[in-house]
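Residue numbers (our numbering), protein chains in the order written: chain L, 1 to 287; chain C, 1001 to 1361; chain W, 2001 to 2145; chain Y, 3001 to 3131.
Derived from the structure by calculation, the hints contain no laboratory data.
C-beta atoms are modelled at their ideal positions from N, C-alpha and C, and glycine is treated no differently.
Each hint should be verified, as a subset may be incorrect.
Unchecked claim - Straight-line Cα separation of at most 25 Å, DMTMM-like style, residue types lysine to aspartate or glutamate; simulated pairs: (1) Y/Lys-3009 - Y/Glu-3040; (2) Y/Lys-3122 - W/Glu-2075; (3) C/Lys-1287 - Y/Glu-3081; (4) Y/Lys-3034 - C/Asp-1162; (5) C/Lys-1057 - Y/Glu-3049; (6) W/Lys-2081 - Y/Asp-3098; (7) Y/Lys-3034 - Y/Glu-3093; (8) Y/Lys-3064 - Y/Glu-3118; (9) Y/Lys-3009 - L/Glu-174; (10) W/Lys-2047 - L/Glu-129; (11) C/Lys-1160 - Y/Glu-3093; (12) W/Lys-2108 - W/Asp-2068; (13) Y/Lys-3122 - W/Glu-2138; (14) W/Lys-2064 - C/Asp-1055; (15) W/Lys-2047 - L/Asp-2; (16) C/Lys-1160 - Y/Glu-3081; (17) Y/Lys-3122 - W/Glu-2067; (18) C/Lys-1321 - C/Glu-1089; (19) W/Lys-2139 - Y/Asp-3098; (20) W/Lys-2081 - L/Glu-204; (21) Y/Lys-3009 - C/Glu-1089; (22) Y/Lys-3034 - C/Asp-1055; (23) W/Lys-2108 - Y/Glu-3118; (24) W/Lys-2064 - C/Glu-1038.
To be verified - Across the chosen pairs, the derived CB separations fall in these ranges: (25) C/Asp-1318 - Y/His-3119: 39 to 45 Å; (26) C/Arg-1187 - L/Leu-63: 48 to 54 Å; (27) Y/Pro-3111 - C/Lys-1160: 27 to 33 Å; (28) L/Pro-57 - C/Pro-1226: 54 to 60 Å; (29) L/Pro-57 - Y/Leu-3008: 38 to 44 Å; (30) C/Pro-1226 - Y/Asn-3060: 57 to 63 Å; (31) Y/Asn-3060 - L/Arg-110: 54 to 60 Å; (32) C/Lys-1160 - Y/Glu-3118: 28 to 34 Å; (33) L/Pro-112 - Y/Glu-3093: 44 to 50 Å; (34) C/Arg-1179 - Y/Arg-3022: 31 to 37 Å; (35) Y/Pro-3111 - W/Gly-2006: 38 to 44 Å.
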Amino acid sequence: MDPLALVVQLAIIVLAPLAVGLLRGVDRKLTARMQNRRGPPVVQPFYDMVKLLSKSPILINNLQVTFAGASLLFQAAALALFVAGGDLLIAFFVSGAGSIFLVLGAFSVRSPYSYLGGQRELLAILAYEPVLFLAVLSLGMRSSFLVSEFRGGLLADLPLVLLAMVPVMVILLEKSPYDVPAAHQELVSGPYIEYSGPYLAIMEGARWFQLAFVLGVITLFVWHDNIMVSLLGKAAIVLLVLFVTIVIDNITARLTRERMVMFMLTVGIALVAVNLIYLTIFPEGLI
Amino acid sequence: MTSLARATVIPFGPQHAAFLEPLNVRLVLEEEKVVGAELNQGYNHRGMEYALSLDYKKSQYLCERVCGICSYHHSSCYCQGLEALYGVEVPMRARLIRTIMMECQRLTSHLLALGHIAEAVGYENLFMQCFRERELIMTLVNRLSGNRVHYSMNVIGGVKRDIGPEQVKDVEVTMKEVRPRLEELQRVFRRDSTLGKRTHGVGRFPRPAAEGWGTVGPVSRASGIPRDIRQDGFAAYSEVRFTPIVREEADVYARMMVRMDECLQSVDIIEECLPLLPDGPAAVQVKGHPTGEAFSRVEAPRGELMYYIRAKGALELDRIKLRTPALMNVPALLAMLPGCQLADVPGIVVSVDPCICCTDR
Amino acid sequence: MSLVQGARRRSPWILHFDTGSCNGCDLEVWALLTPRYDVERFGAVNKANPKHADILLITGPVTKKCEDRLRNLYEQTSGPKLVVACGDCASTGAPFHNCYNVCGGVDKVIPVDVYVPGCAARPEALIDGLVLALSLWEKRMEEEG
Amino acid sequence: MSMLTSSLKNLFRRPFTTRYPRAPADIPPGNRGKVMWDMEKCIFCRRCERSCPTSAITTNKEAKTQRVVRNRCIACNVCVEVCPTQTLSMVPEYSKPDVAPVAHVFAVDLPRHEYRVEHLPKHGGKKEGAK
Ligand code: SF4
Ligand code: SF4
Ligand code: SF4
Ligand code: SF4
Ligand code: SF4
Ligand code: SF4
Ligand code: SF4
């Protein structure tokens, strides 16, 4: 393989989660501003990360760390596969496995909060994974399952699929109305409750890789022959989706887990289905 | 999934994100359904009634510290009791100032409660907005009384810190600024659909139960009991016109809306009081130590607050007994919680506005 | 090491525990989290979980019933950690010095780093206390190695 | 939907947040901050000491000092009211936090409203968790 391409790919694998960290900072800033307060600096997530890494670890059991590490590893692998131009579906499943490890980690300790948090996380996965899967599937079918051969410009073909990605992002970013697993009023910090210091940082890192992968999937909607235009478009679509989730977060209360699952399994899937049916009837696309 | 269900016991508190205070609720859960609840109080028991009886002059400041949310109601209630023992007539000016300050405190307390409910159902932005408006009142009372929390404005026989003409202007201006903001909040609380989904029909507490458990204040008014001690006309409430706000739904939504509507009512009452302020002294002198016994009642933000004071002509009081609103309302949770979902627990608990510091005192 | 210290100073996660206060200072702690004082601009967030917290904001004179809870919370917090006693009653127990069921201040139960006076402690005073506590990180880190 | 409009409006509105500590604190003039002695006027009648609800004041007649523990004072203003010679006054500035409880000692040999700072002993918590 071309060494330059390899370097670029490695750089992306390292930089993508950092970019996610920055986006999370932007998210917190914007949220604060929507609530009419000043909010933290945009680099805040990095301060948090470094601080967590420097705290003295308190370990409940070895299993817990193993699961946290596995979660990070799988999410990183998913991203690597994606960036290296691998198979989209495999990357999806690897990422999914990473989320399962998060749940296992929550189940591995004896705290009832952690247990309930794990259950809810499982429910959340049940809610968003099918929609994400269908989105990946429709992207792949429309173009190619190999990211390296992917030719996009699919926004015009699959607008409803992109719309379905918004609630997926809402769940992944733990935002109202579907911030069910980490509902701190009910479960303090849900599945993360027994993780402290560096282990919490590992979990957060896993989250960053996972978001990088999912946001990567979202960038696939935009494609242009000119690489600069293409990159700008990709950035714009990511920011747009993020902005919409922040607005939704700020104008809703948390809904119950039943509503979350019901919504995702009906409306979420229906959006994708309608889009696909439309495409089979009019293969030329929507616009 | 039900076959997998096993009963989990989860303790809520005494240190918990949704509660400000050390209240401990043990929930027995099946899956996420609450099948049993148990209250464990006393984390905040300091022994106030004993300490309050040591020196009636100093107790005036200690009784504010029974609770910082309705501190002024406590001190007014206490002073009212002692004034009854002395048999003195408090000047109208002092009574109006007490009324104004009590309504300001009701505003801060209700906005706190509303923000708290919003937070408990995961509506962070609304929580922030409630607290933003609350800060306007907090800074106002800071300017009026000199402290944000403990006003220390009362003395036995009146108020020791008068409200000057510029301060009257200040109150007027602030109320003008606050009213539209409260109206906007009211719109959100009334209409917001996700908030409605989390509050309508949740934590039902019908009127017979509310009567049986002896609840007071907004909790009972939200269950259709038209009782408001302010109608007794203590302080200057006999001078203002108002009707208690009563709702029939008896759920979290009703308890929330009663408080929201009372906020605007408080603004009305304050505006009505301001032009009534007469000239003259704000306090009368009392002489000697008190003797006899007296009951004193006020309508605190959370309901009827009652002091019983018995004195035998010494610096020490013979007995002082408090019956506080939260003491009546908190146990009612045992009737509301069983059968609800875990996700609804914080909302329900916060909707009775549990303040432990006076329940345990 | 300066990177770590910088991050520490800018990311104090808070745990607030009421050990029997009158609520006055608790409300002011909450005021810190809301738009007017918004300590998130210093990176501070309320975590309500001792395992995630760096700074314990303790209010109240510590009632006998809360004593063990407080000690537990302190022990569960992973180091380095700082304790701020918020308000007069957390500092010395003074307002409740005649009450029989209090320990009389947080430092009777766990070591305290910063004492914030005031009844109620003003939000500005609490911010000062937070800033003072953050300036103690370096010292704390040397102590803990 | 009014939350949507207000959220978007807030985005372009100046935050409600204060600039403190970078800008000065907003302390109203009538704030009850801390009590100060003007020792030239003091006749050491001990009325302030006796009437303080939290025993924050120690009057020392021999050494001619007044000592107030800032972490005990609840700024109730009673000492100011009872003083027969208007020695005491309440100033708006609040007491600052410190690494130990603080007492301020006012003495006749110090200029008006100036004081010596004393740090009170700290309790280090109970050593081996008395369970
Ligand atoms: S006074 Fe109360 S807590 Fe104490 S033993 Fe009796 S019932 Fe138990
Ligand atoms: S009456 Fe009060 S002081 Fe006496 S034993 Fe009982 S609790 Fe203790
Ligand atoms: S009910 Fe009690 S604790 Fe609650 S605000 Fe009133 S006095 Fe305070
Ligand atoms: S109600 Fe209050 S005074 Fe009575 S026993 Fe219980 S804690 Fe003590
Ligand atoms: S210091 Fe004062 S205001 Fe603060 S909690 Fe204690 S009694 Fe309440
Ligand atoms: S009351 Fe006034 S004159 Fe008397 S000791 Fe105190 S400060 Fe001095
Ligand atoms: S203001 Fe009140 S608490 Fe402070 S020293 Fe004076 S009397 Fe004591």
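Does W/Lys-2064 pair with C/Glu-1038 here, judged by a C-alpha cut-off of 25 Å? OK: W/Lys-2064 and C/Glu-1038 at ~21 Å, within 25 Å.
Determine whether the Cβ-Cβ distance between C/Asp-1318 and Y/His-3119 falls within the hinted range of 39 to 45 Å. 41 Å, holds
With 38 to 44 Å as the target window, see if L/Pro-57 and Y/Leu-3008 comply at their CB atoms. Hint holds: Cβ distance 43 Å, inside 38 to 44 Å.
Are Y/Pro-3111 and W/Gly-2006 spaced within 38 to 44 Å by their CB atoms? 42 Å, holds
Against the 25 Å threshold, does the CA-CA distance of C/Lys-1160 and Y/Glu-3093 hold or violate the hint? Within the cut-off at roughly 21 Å; holds.
Given the hinted pair Y/Lys-3122 and W/Glu-2138, is their Cα-Cα distance within 25 Å? Holds. Y/Lys-3122 to W/Glu-2138 sits at ~21 Å (cutoff 25 Å).
Going straight from one Cα to the other, do C/Lys-1160 and Y/Glu-3081 come out at no more than 25 Å? Holds, at roughly 10 Å.
Between W/Lys-2139 and Y/Asp-3098, is the straight-line Cα distance small enough, at 25 Å or below? Answer holds: W/Lys-2139 to Y/Asp-3098 is near 15 Å, not above 25 Å.
For the pair supplied as a hint, Y/Lys-3009 and L/Glu-174, is the alpha-carbon distance within the 25 Å limit? Holds: Y/Lys-3009 and L/Glu-174 sit about 24 Å apart, inside 25 Å.
Proposed proximity, W/Glu-2067 with Y/Lys-3122 (alpha carbon, max 25 Å): Distance ~18 Å between Y/Lys-3122 and W/Glu-2067 Cα, so the pair holds.
Confirm or reject the claim that Y/Asn-3060 and L/Arg-110 have a C-beta distance inside 54 to 60 Å. 58 Å, holds
Need the status of pair W/Lys-2081, Y/Asp-3098: alpha-carbon distance at most 25 Å? 17 Å, holds
Of the numbered hints listed earlier, those contradicted by the structure are 1, 10, 15 and 21.
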